[in-house]
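*Asks:* Just so you know, the protein sequences line up as chains A and B, in that order.
In terms of this note's numbering, the first sequence is residues 295 to 661.
In terms of this note's numbering, the second sequence is residues 55 to 770.
Don't read these hints as lab results, they were simulated from the structure.
All residues carry an ideal CB built from backbone N, CA and C; glycine is no exception.
Do not take every clue at face value.
As the list claims (entries may be wrong) - Label pairs and their computed distance ranges (CB to CB):
1. B:Ala107 - A:Asp304: 50 to 58 angstroms
2. A:Asp304 - B:Leu103: 29 to 37 angstroms
3. B:Trp275 - A:Ala322: 53 to 61 angstroms
Here are the chains, one letter per residue:
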Amino acid sequence: MLAALRGSLDRLLGRGTAAVTVPPLDGALKPNNLLENAPHAVGVQEPDNIVLGRQGLMFSSGERVLRLEPAVGAEPVTVITAAGPITAMALAPSGSFAVASDAGGIVLFDEGGRNRTVGSGSGKALSCVTAMGFADDRTLLVCVGSTENAIGDWQRDLLSGGRSGSVWRFDLASGEATQLAGGLGFPNGILAEPDGQIVICESWGKRLVRIGASGRANGPVLEDLPGYPARLSRSARGGYWLSVFAPRSQLIEFIMREPAYRNAMMAEVDPAYWVAPALRSGVSFREPMQGGALKQMGILKPWAPTRSYGLVIELDGNFEAVRSMHSRAGGRRHGVTSAVEQDGVLWVTSKGGDQVVALDLGTDGAK
Amino acid sequence: MASSETPAREIPLRETLARLRYRYFPDHLVGELLSKKWIDNAVPFAVLLCVIATFGFLIPDFFAPKLLVITSRQLGEFGLVCIAMMTVIIVGGIDLSVGSNFALGNFTTLALLNLAGWPVAAVVPVVILVCGAVGFVNGVLVGFFRLRAFLTTLVTLIIVRAVVDMLLLRYAQEMSVSFYDSDIWDLVGMGGVAGVPSSFVVLIVVALIGHVILTRSRPGWRAMAIGGSRRSAHNMGLSVRGTVCGSYTISGMLCGLSGLLYAARLGGAGTDTGMGLEIAALTAAVLGGNSLGGGRGSVVKALIGSVIVLLMTNGVIRLGLNSGSGPMVLGLTLLFAVFVDVRWLKNRDKLLSKVYVSPTYVKLPQPASTDPDSGTPFALNNRLRNVEIIGLGEVESPEDVILDDEDYLFCGNRHGDVLRFFPPDYKTWEVYAHIGGSPLGMAFDRDRNLLVCVGGMGLYKIARDRTVSKVTDETNRSPFSVIDDSRLRLADDLDIAPDGRVFFSEATIRYEMHDWPVDALESRGNGRIICYDPRTGRTHTALRNLIFPNGICLANDGQSILFAESWACRISRYWIDGPKAGKVERLIEDLPGYPDNINRASDGTYWVALLGMRSPALDVALRMPGFRRRMARRIAPDQWLYPNLNTGCVVRFDDTGRVIESLWDLGGLNHPMITSMREHRGWLYLGGISNNRIGRVRLENADQNWSAATAYWGKA
Numbered sequence: 295m296l297a298a299l300r301g302s303l304d305r306l307l308g309r310g311t312a313a314v315t316v317p318p319l320d321g322a323l324k325p326n327n328l329l330e331n332a333p334h335a336v337g338v339q340e341p342d343n344i345v346l347g348r349q350g351l352m353f354s355s356g357e358r359v360l361r362l363e364p365a366v367g368a369e370p371v372t373v374i375t376a377a378g379p380i381t382a383m384a385l386a387p388s389g390s391f392a393v394a395s396d397a398g399g400i401v402l403f404d405e406g407g408r409n410r411t412v413g414s415g416s417g418k419a420l421s422c423v424t425a426m427g428f429a430d431d432r433t434l435l436v437c438v439g440s441t442e443n444a445i446g447d448w449q450r451d452l453l454s455g456g457r458s459g460s461v462w463r464f465d466l467a468s469g470e471a472t473q474l475a476g477g478l479g480f481p482n483g484i485l486a487e488p489d490g491q492i493v494i495c496e497s498w499g500k501r502l503v504r505i506g507a508s509g510r511a512n513g514p515v516l517e518d519l520p521g522y523p524a525r526l527s528r529s530a531r532g533g534y535w536l537s538v539f540a541p542r543s544q545l546i547e548f549i550m551r552e553p554a555y556r557n558a559m560m561a562e563v564d565p566a567y568w569v570a571p572a573l574r575s576g577v578s579f580r581e582p583m584q585g586g587a588l589k590q591m592g593i594l595k596p597w598a599p600t601r602s603y604g605l606v607i608e609l610d611g612n613f614e615a616v617r618s619m620h621s622r623a624g625g626r627r628h629g630v631t632s633a634v635e636q637d638g639v640l641w642v643t644s645k646g647g648d649q650v651v652a653l654d655l656g657t658d659g660a661k
Numbered sequence: 055m056a057s058s059e060t061p062a063r064e065i066p067l068r069e070t071l072a073r074l075r076y077r078y079f080p081d082h083l084v085g086e087l088l089s090k091k092w093i094d095n096a097v098p099f100a101v102l103l104c105v106i107a108t109f110g111f112l113i114p115d116f117f118a119p120k121l122l123v124i125t126s127r128q129l130g131e132f133g134l135v136c137i138a139m140m141t142v143i144i145v146g147g148i149d150l151s152v153g154s155n156f157a158l159g160n161f162t163t164l165a166l167l168n169l170a171g172w173p174v175a176a177v178v179p180v181v182i183l184v185c186g187a188v189g190f191v192n193g194v195l196v197g198f199f200r201l202r203a204f205l206t207t208l209v210t211l212i213i214v215r216a217v218v219d220m221l222l223l224r225y226a227q228e229m230s231v232s233f234y235d236s237d238i239w240d241l242v243g244m245g246g247v248a249g250v251p252s253s254f255v256v257l258i259v260v261a262l263i264g265h266v267i268l269t270r271s272r273p274g275w276r277a278m279a280i281g282g283s284r285r286s287a288h289n290m291g292l293s294v295r296g297t298v299c300g301s302y303t304i305s306g307m308l309c310g311l312s313g314l315l316y317a318a319r320l321g322g323a324g325t326d327t328g329m330g331l332e333i334a335a336l337t338a339a340v341l342g343g344n345s346l347g348g349g350r351g352s353v354v355k356a357l358i359g360s361v362i363v364l365l366m367t368n369g370v371i372r373l374g375l376n377s378g379s380g381p382m383v384l385g386l387t388l389l390f391a392v393f394v395d396v397r398w399l400k401n402r403d404k405l406l407s408k409v410y411v412s413p414t415y416v417k418l419p420q421p422a423s424t425d426p427d428s429g430t431p432f433a434l435n436n437r438l439r440n441v442e443i444i445g446l447g448e449v450e451s452p453e454d455v456i457l458d459d460e461d462y463l464f465c466g467n468r469h470g471d472v473l474r475f476f477p478p479d480y481k482t483w484e485v486y487a488h489i490g491g492s493p494l495g496m497a498f499d500r501d502r503n504l505l506v507c508v509g510g511m512g513l514y515k516i517a518r519d520r521t522v523s524k525v526t527d528e529t530n531r532s533p534f535s536v537i538d539d540s541r542l543r544l545a546d547d548l549d550i551a552p553d554g555r556v557f558f559s560e561a562t563i564r565y566e567m568h569d570w571p572v573d574a575l576e577s578r579g580n581g582r583i584i585c586y587d588p589r590t591g592r593t594h595t596a597l598r599n600l601i602f603p604n605g606i607c608l609a610n611d612g613q614s615i616l617f618a619e620s621w622a623c624r625i626s627r628y629w630i631d632g633p634k635a636g637k638v639e640r641l642i643e644d645l646p647g648y649p650d651n652i653n654r655a656s657d658g659t660y661w662v663a664l665l666g667m668r669s670p671a672l673d674v675a676l677r678m679p680g681f682r683r684r685m686a687r688r689i690a691p692d693q694w695l696y697p698n699l700n701t702g703c704v705v706r707f708d709d710t711g712r713v714i715e716s717l718w719d720l721g722g723l724n725h726p727m728i729t730s731m732r733e734h735r736g737w738l739y740l741g742g743i744s745n746n747r748i749g750r751v752r753l754e755n756a757d758q759n760w761s762a763a764t765a766y767w768g769k770a
């Protein structure tokens, strides 16, 4: 009773749970232009998931998996073409790799080039697979973003407060599938730790949570991120690289508390022009514009409110942010969905900017 | 471009209700009422009504005419003392000696009449002067010698009381046996004017004079200023000491007058006369809303307070409660009044800022498509890509541009200058004249004087010898308007009729120029079109309740003006002459963007600038006023959903409202936004309020010799 009263009072006054505060980009997250100004990049249509294995760097783009060639200026080479747009991929220590698409489900390719479909044994085809990771050669961990909305409809999933995401474990030998966790707000990144625990990026929760190998919830490891987290990979210093694919904003937090407006907008307006986070923005004048984004004397301020942003965060072993690379409002390299480190170079897929960007981390990768 | 795909929707009942509610319930008045100074009286007035209701309910014959007469006679005396207290309080002081002074006035009156046998006409001024002298002593001590008001008047309270007591001891016997008999004196004491007791009439007269002095004269304003901030008042050169001394003197004189009325009513003097009066008067003054800190008070507040206190003390007596309960009720009321006063002062501005913004329901029609393949005249193109840039980095905020017969290019900037660029290449420029404010729309009149709408100032004229003069900065105040809309806040664009009348738009009357986004958020009809007639020198409002009226252009027929309403995305025609004079017709209603200035083209059509484009998400929000109001309260203006003003275009249309073509610059890199355009000798010149440049683009098919100034007024 008291809680309900407080809830409605909060809504009336915009306090407590109804407050629309967004954490500032400060400390290790202080904005810079490292991502925006990095000199080396490969132009590819919507690069999505980049992984590092024995064959080198591979990333997905549309229906294809491409391999980055070491030579400067070389075009990436197509390795595989899947049945439909690839939504996630993962490389196993052994060299085989898994590719997920809504059209073809999860397909496992071994080094010989043979492939087989995973998970069909359970009789349940998985769609909206957002991220995958191998715990070991025979265990594949899978994030399902939402069962209510298709993966292309992720904005609708966010705006309708989606909590239908789940995390699965596939035993590749037996074909057995186990749901480790459910009711998640769009899990969008997954990483198995050496001790068997699993870290999941829960996008709509703006947090990273840890679950045990059997699915027991072990609590959040990082909360209240300034953006919506995507995939997670290991850094060379025992920490992690966290990709953040879109920024939070007060306006969107506010709209999340305005169901009537949200529903009317989703019903009437083309998704490209929604008030929602996006992988890229500023393409059309029909997109919503916020006050601070009004150009003055021909200049868009880099701190202007924006629906899209480019951000990669390096976390240490305790999930504390150490440093970050940004592409700010008005920049091109927005919508970062994955990042992976190789020999002192961080490879970042900017899905919104249609580029795979190489960031030189210095000789040893340290700061 | 989703416009064509957007599904047709039925209007749900809830939306219909919202539309009706926002149409007929004037939300904006709440904020406007709160922004008025006199709204401070609302709380005391409500208390007054409560008191009347309570005692009227508890005491059966509370409103009996006979009792009302007695009460108003008492009020005449008490009200004067409260006004006396208020006079001192507003300059930041306090006068505790009102009670003793009142007793002194009472005694002096009776002594002069009964013992000395003076006529009434002589007694009145003498009594007022005697009590005024006491006030003057207070004033000199507090004002000139800078003693503490509280201590000084406390001392005066004691001394005057002692003097009165000693005099009473000496003369009370003689006074009580003699009796003064006079018709005038009886009229003052017992009679009245048309049934209204004399003392009440005196109070009304004093209150009216006091109100006028306090609110509409220099001494009153100075007293307020000194109470508000003594140091600032001193620094700006006000005579602080003299004014403070004067207010104590007036306080003393009013006490004397009150004492005189008391003497006329009761004709007796006792040691308890005026006892505790200072507490009652102080309570009344504070209860009425006069701030003890000074600088905030009025006669009305003092009167409301005095009525409340009088009714309560009388009521308590009549209820027959025991003797201590009267002061107890008074004390509790004072506590309550101080509490409310503090809270109100602290929160009033917060409340005002929360409720002033009041969005309303707007349903814009489906916009014309801008899809490159749509085949509409709005289809996107790149015809402005090769704009030539003039004055890059040298001019800031050229909202409007205009050229004269000699091809000089004029524009305003945000520093309040009007600049002039030299033909033929427009690479050099000079400050043509400095006006101040934000020069916006411009037009040449028949004599080639440049008329300029200046945001924040009004309509100004730059003569050919560059002298700047004000044309008009106010119009008639609308009847029943709560906020004063006679001053011009945001004169925006103008044009001049053949007979010399100047029609200009005022975009909004509720906000200052730089708060235009708030007006966009409201999208209410806050703007108007104003007409200045040079033949009579008068200004009047021609059209009201327009939604951000912006561009104004005289139609080619000379009988109507075309005007754009930005947030309503429409262009209308207003007939100023001929058979349809006074009528308004809609011309274009489905613009895909927000129209700004309108100007003539060489071939008899018109150019209009779209300063920004509609976004569908904002169009949805426009139908949800509650959503917009909460957005305004919850998040910072930088985060609000705005009209998208980063992309614009130029559109040409004809007299029937048919759109002929549009000119776009898709990247917006060369010339980011457009608020105005002028065609001149085969070129189109572009201005933009958030630009640091002027653009011009060649018009191949246009008349290469056409100039607007000549088209309007003939050869110079």
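*Asks:* Next step is simple, just say for each hint if it's right about the structure.
*Replies:* A quick look at each hint next to the structure:
The hinted window of 50 to 58 angstroms between Ala107 of chain B and Asp304 of chain A is violated, with their beta carbons roughly 36 angstroms apart. Between Asp304 of chain A and Leu103 of chain B the Cβ separation comes to about 34 angstroms, which falls inside the hinted range of 29 to 37 angstroms. With their beta carbons about 57 angstroms apart, Trp275 of chain B and Ala322 of chain A fall inside the hinted range of 53 to 61 angstroms.
Checked against the numbered hints given earlier, this structure breaks only hint 1.
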